[in-house]
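J.: Here the protein sequences line up with chains E and R, keeping their order.
Just add 1275 to the spot in the first sequence (first one is 1) and you have the working numbering.
Just add 32 to the spot in the second sequence (first one is 1) and you have the working numbering.
Treat the hints with care, since some could be wrong.
With a cut-off of at most 30 angstroms between alpha-carbon atoms, the simulated DSBU-like pairs for lysine-lysine come out as follows [said to hold, decoys possible]:
{"#": "1", "chain 1": "E", "residue 1": "K1332", "chain 2": "R", "residue 2": "K84"}
{"#": "2", "chain 1": "R", "residue 1": "K92", "chain 2": "E", "residue 2": "K1284"}
{"#": "3", "chain 1": "E", "residue 1": "K1289", "chain 2": "E", "residue 2": "K1332"}
{"#": "4", "chain 1": "R", "residue 1": "K100", "chain 2": "R", "residue 2": "K88"}
{"#": "5", "chain 1": "E", "residue 1": "K1346", "chain 2": "E", "residue 2": "K1284"}
{"#": "6", "chain 1": "E", "residue 1": "K1346", "chain 2": "E", "residue 2": "K1332"}
Residues from chain R that face chain E, not an exhaustive set, calculated with beta carbons under 7 angstroms [what the hints assert, rightly or not]:
{"#": "7", "residue": "E74"}
{"#": "8", "residue": "S117"}
{"#": "9", "residue": "G137"}
It is worth saying that the hints were derived from the structure and are not from the lab.
Every residue gets a Cβ at the ideal spot worked out from N, C-alpha and C, and that includes glycine.
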Amino acid sequence: DGGITQSPKYLFRKEGQNVTLSCEQNLNHDAMYWYRQDPGQGLRLIYYSQIVNDFQKGDIAEGYSVSREKKESFPLTVTSAQKNPTAFYLCASSIRQGWVENIQYFGAGTRLSVL
Amino acid sequence: GDSVTQMEGPVTLSEEAFLTINCTYTATGYPSLFWYVQYPGEGLQLLLKATKADDKGSNKGFEATYRKETTSFHLEKGSVQVSDSAVYFCALIYPVQGAQKLVFGQGTRLTINP
């Protein structure tokens, strides 16, 4: 079955540590996205990528980094510069950008907590 | 910039009650509109969508109509079930610098009691 796989489901970060969240899709989608969700709030866009080897900052990119070396993979690194990383992180993908019905499909999420 | 405003939650209803979750938007153009649903501990799933004025999206008994004159996209269901308990997000998509961005409302938590 096609879909988006995020791992791990739960992740704990120590002070000063970088951690990487995995996102893999087998939908053959060109575009991929990372969102952050805080309790009682909507989703905020961290980074997005329209094609391989290209990505753009979203609304809250500070303290995060990404790479897009393969079409199916879009890992997110939460760096030590992100002072409040505790949140639920969601990865999404869509067929391509520039399409009016650009429906985004979501993974099951990774919950990150600080030790 | 473009934005979405949803009714404040949480919303608690009895089974078989009528549901309305209000959603209004601000946009400079004519965005596509979506309702997503998030069940506990899971990611978001697309519930329904509408791409132009007067379109009605529907799925699983839920409906929403794209009203340009009132810039609204209210979610309705005639008879809710316990399994409908979830968080519901209204969203719009708009173009920015050659790409398209999805903007979400803050979400409305719905609890249905048997």
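J.: Going back to the hint list, which numbers does this structure go against?
T.: Failing hint: just 8.
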